[in-house]
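Kindly generate the complete structure, drawing on both the sequences and the hints.
Line order of the protein sequences matches chains A and B.
Taking our numbering, the leading residue of the first sequence gets 85, the next gets one more, and so forth.
Taking our numbering, the leading residue of the second sequence gets 27, the next gets one more, and so forth.
Because the hints were derived from the structure by calculation, they are not lab data.
Cβ coordinates follow ideal geometry from the N, Cα and C atoms, glycine included.
Check the hints yourself; a few may be wrong.
Claimed, not checked - Short, incomplete list of chain A residues facing chain B, as computed with Cβ under 8 Å: (1) 236; (2) 257; (3) 422; (4) 567.
Claimed, not checked - Calculated from the model, a selection of chain B residues having no Cβ within reach of chain A, i.e. all distances over 10 Å: (5) 56; (6) 123; (7) 132; (8) 235; (9) 354.
As the list claims (entries may be wrong) - Here are the simulated distance ranges between beta carbons: (10) B:30 to A:604: 31 to 41 Å; (11) A:88 to B:230: 55 to 65 Å; (12) A:180 to B:43: 51 to 61 Å; (13) A:98 to B:491: 54 to 64 Å; (14) B:408 to A:567: 32 to 42 Å.
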Amino acid sequence: MLWLVPGLPLLVAASAFLPQARTSVRICAIGALAAALAVVAAGSGGRTDDLPWLANLQIGGLGLRADQVATATAVVVALVALAVLGYSLGYVERADQPRFFGGMSFFVGVMLVLVLADSLLGIFMSWELVGAASYLLIGFRRDDAQAQASAVTAFLVTRIADLAFLAGLAVATLAAPGDLDALFAWSRSGDARVPVVAALILVGVAGKSAQLPFSAWLPQAMRGPTPVSALLHSATMVAAGAFLLVRLFPLFAATPLLPAIVALGLGSSLFAGLAALAQTDLKRVLAYSTIGQLGEMIAAVGLGVPAAALLLLFAQAGYKAALFLIAGRLQHDAGTTEMGGLREAARKPGLAQALFIVAGLALAGIPISIAFSPRDAILGRALAIGPFPSIALVAIAILTAAYIARAYRLVFGRRLVIALPRARSRWAMDAAAAALVFGVVGLGIATSPLLSDPLGGSLGRAIGGSSAPVSFGATGLGLLAAIIGAGIGLRPGAQGAPRLTAWARGGFGLDATLAAAALGARAAAAAFGRVDARSFDPIGERAAHAFGSACTALGAIDVRVFDAAAGRVAATGLRLFRLNDRGDRGVVDAGFDRAALVLRAAGDRWRRVQTGLLEQYLVAVGAWLVVIVVAAGAVALRTARP
Amino acid sequence: MISLAIFLPLAAGLLILMLPERRATLMRSIALGAALITLGISAIFVADVIRTPLGGMRFGERLDWLPPLGSSYVVGVDGLSAPLMALTALLTAAVFIYSWRMTEHLRAWLFLFLVLETGLFGVFAIQDLLLFYLFFEVSLVPMYFIIGVWGEAEARQAALKFFLYTRAGSLAMLLGFLGLYLGVNPHTFDLATIVAAHPYARDALAGGLILLALVLGFGVKLPIVPLHSWLPAAHVEAPTGGSVLLAGVLLKLGGYGLIRIALPALPSAFAAWAWPIGIVAVVSIVYGAAVAFAQSDLKRMIAFTSVNHMGYVLLGVTAAAAAGIGSAPGRIGLDGATLQMVSHGLITGGLFFAVGMLQDRAGTRVIARFSGLWRAAPIYATLVAVLFFGSLGLPGLSGFASEFQVFAGALGSVGPLAAVGLVGVGITTAMFLVVLQRVFAGPSRLPAEGALAPGAAHGRSVGWSDLGRRELLVLVPLVALVVVIGVLPGPLVGAIDGATTLLSGR
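Right under this line is the structure:
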């Protein structure tokens with residue numbers, strides 16, 4: 085039953101390959117996802133049998149487990165994906181829809197496997213497939229060379245990071261084959277390999293979640309269609325990294341890596357916040373914003389509050405997807421995502437501005453959404469631990485509010501336009517974005533710290549880690565930071581030095597570094613190719629040549645030595661016999677003559693062997709084989725005799 | 027039953043030789059029928075080894091051949107050989123389907139492929155070193171002619187290169203066999219006896235030298251860097267069917283020989299030399315991938331990925347040698363190496379077919395001349411993309427199942443080497459993605475049709491259409507198997523594991 089959850093979308097993805105029933109793919113995709121959502125929401129706590137993936141050594145296990153963490157995440161993934169698919173009905177050209185909805189179903193399906201997987205092997209396999217799916221979707225427009233290039237970059241960078249994960253997986257699989265419980269039991273055993281495995285997995289997480297130093301692929305991935313970006317930034321792909329840290333928290337908690345995780349997350353988040361402040365393209369702002377938000381989640385796991393990380397993941401899935409959908413809706417009208425160029429489209433009637441304000445407030449950390457209580461918990465925990473993480477978190481909060489306020493100012497200006505959209509296609513888009521925003525805000529109100537404490541609830545207990553009680557100091561500090569940041573962002577004309585801004589816009593040189601690395605790798609490969617062509621190819625040529633000339637030489641020797649010798653023998657014989665008695669001349673002479681003839685014929689035959697006719701080589705091979713067998717037989721017979 | 031599978035193709039080939047030239051369709055049908063029957067028989071073998079993995083050698087037959095030499099015709103099938111036999115029969119049948127329309131020297135073409143199949147089945151079934159050598163040679167000769175006669179411009183040269191390299195290799199292999207023969211008392215070529223006797227266990231020098239001979243012999247076939255340069259040359263010149271069998275099965279003779287003979291017969295020597303051999307494996311992995319990345323000819327590129335992929339086979343064998351055949355990393359490494367041979371056979375066999383189909387249409391294989399193939403031929407592009415992803419080791423496809431096991435085994439025994447080997451996976455990924463981007467994506471820009479390559483399998487250009495029915499019949503089963511093994515490798519790996527468990531016979 086549980087296999088239906090990822091299985092239904094995957095089935096739709098497979099059916100998209102069929103030539104028939106193409107037009108219905110989009111309906112199937114939405115229906116399958118809705119059904120999957122119903123199954124996972126209804127069947128919490130279920131577990132499947134392991135599929136015997138590899139039977140040797142009981143490495144076994146592709147099983148699914150719908151515990152609380154997985155169920156909650158799967159529901160969020162399916163909900164966000166549903167909204168994005170609904171939006172795509174209006175956004176994607178009709179002719180492209182079958183392929184698009186098939187690809188999106190694949191994307192969501194493998195993400196659901198990842199969320200529900202009960203073994204590190206299953207997680208890794210779906211993890212890589214999520215990367216492949218995002219490759220196919222970022223490069224959805226096959227004529228767009230730049231989109232293709234960014235798709236390759238996205239897959240390649242994440243996969244290179246995944247190689248570390250693969251190594252970690254291999255070591256962990258040998259040490260603790262089986263499901264996640266077996267892995268956690270092993271991680272408590274004090275095995276020296278545990279921190280190594282955890283560190284290797286962390287590299288994979290950094291790649292997937294576009295943390296430093298792998299971050300450059302994500303802003304480039306903006307070339308893909310907007311619904312793909314919306315999904316990729318919220319509930320799939322990058323979310324997989326943070327989810328995995330939460331999922332494997334018992335493993336990481338057993339290692340001394342937690343401070344490193346905090347440093348990775350906070351460093352990436354600060355970097356991304358500064359870079360986002362320098363962008364001129366709305367989608368790139370949102371991309372760096374995603375890096376920053378994931379950094380906060382990762383830091384939260386490092387700080388020991390994984391439940392807060394998960395909740396923040398849910399929240400950002402909602403509002404980030406909504407922000408992308410709004411950006412795509414504006415782009416649909418304006419034909420660009422440069423913030424200056426969006427102004428005209430932003431003035432058209434629609435809900436874009438209102439939704440952007442609400443989603444932006446949620447992103448900035450104003451206590452209207454589900455994001456507030458985890459933020460609060462993370463800051464509270466940091467304050468309890470030490471000054472460095474606290475200062476970084478406050479700085480991040482200021483930056484976050486500043487860049488989103490700045491983006492709002494650049495796109496919408498001061499005028500407020502709120503009206504219902506008129507065009508039908510825009511209607512679908514606005515409705516999807518609105519559903520996401522209201523979901524996040526509604527959940528936020530339902531779970532606001534005034535009403536309940538989501539982290540102290542059963543979900544928090546299921547994840548483990550320390551619970552952080554609501555502290556008014558952290559709440560106040562966070563609010564203050566958000567307000568300061570928004571003030572900075574809304575003030576017009578706040579520009580840094582142009583060169584510094586340009587540097588920040590390119591991800592502080594990481595974009596250029598990535599491009600240089602790609603060029604370098606190509607050049608290195610080309611050098612390898614030249615080395616091979618120069619040094620190894622000639623070996624074979626030379627050997628063939630040498631063989632040929634050896635054969636020719638043998639032929640010449642054959643003619644000169646054997647032929648001549650045979651002739652000489654014959655001639656000598658003749659001369660001898662002429663001197664002999666006439667009586668026996670007839671017999672002996674004829675015998676020698678025949679011998680000479682035979683020898684000459686043999687010489688001829690040997691010469692023909694070197695004529696290059698393939699068949700005759702074959703005969704030679706066969707003859708050689710016989711010689712070897714006979715020789716071996718002779719050896720054996722001799723040794724067999726006592 | 028095994029003897030039937032071995033000699034049926036040969037008999038069919040002889041029958042074809044006796045038919046008059048004009049009965050072309052009958053000849054083709056006989057050839058395809060023989061290949062399909064052997065495919066059916068090997069499917070029975072595979073089913074049997076999956077059902078009872080620990081059943082050891084089965085379907086055994088024994089016949090005295092050269093009793094004074096201690097050499098007899100002993101054949102059998104286990105989890106190691108059955109999948110490779112099925113692969114051989116499948117690819118042979120696929121070649122016959124693919125080249126159905128071929129007319130040039132048709133009789134010889136069919137005959138040589140059938141002889142090749144007999145030779146390959148013999149190698150996989152035989153448990154006697156002398157006959158192993160014989161069948162090994164039998165498989166070499168038809169390939170020489172296939173490359174030389176039906177190949178392209180420089181085919182003669184390439185065929186000669188192939189012949190010289192592999193002959194030198196099999197000479198080394200034969201020396202190794204003679205060494206093993208002399209190492210047991212009473213002298214015998216019987217593999218099971220040799221393995222049980224554990225020759226040269228205390229003579230490190232002799233054991234090492236014999237191992238060197240075997241590794242050189244099988245290494246040429248595999249091929250390992252620096253003995254690889256015959257491979258790209260042969261592939262570039264060979265006709266499509268030749269390339270498919272060459273990469274799909276002939277390379278496996280090297281890996282199979284290492285696993286079946288060298289490793290169990292000389293475990294201690296192999297353990298002593300595991301690290302140097304492992305370094306060769308890793309060099310092959312990284313070097314093969316890097317050089318493949320540099321190629322501009324699609325076929326040459328795929329040829330070099332074989333160097334990379336067969337490097338994983340050698341790495342898996344090394345893991346088993348270093349950790350011991352019976353140990354956990356050893357077994358998983360060996361299982362991975364064996365599965366890698368099957369997987370590589372399917373993927374690379376399919377890729378060579380795919381390149382052939384491209385060449386049939388365009389008369390060229392230069393990567394830079396293609397663009398936007400996805401738009402022109404979506405079915406073709408989709409199938410090839412699956413094979414590409416399989417080749418770069420994407421989970422859910424067969425390449426991952428095998429490479430993961432190889433790395434798991436190697437990390438558990440020769441860890442640093444495995445870590446370096448992972449670089450090869452990264453390079454392969456980059457290469458395939460770049461080719462996908464150049465050839466399949468982008469605006470549709472294709473070479474003019476009609477420039478038919480010499481040796482094109484159809485005898486005529488098929489134009490810029492998507493895949494025809496016959497081409498689908500060739501490619502779809504291979505792709506389907508890549509997916510099935512990738513999603514559910516369990517049964518097959520179980521069968522292989524049963525064989526590797528019993529491999530050392532102790």
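Which numbered hints are broken by the structure, listed smallest first?
As far as the earlier hints go, 3, 4, 9, 10, 13, 14 are violated by this structure, in ascending order.
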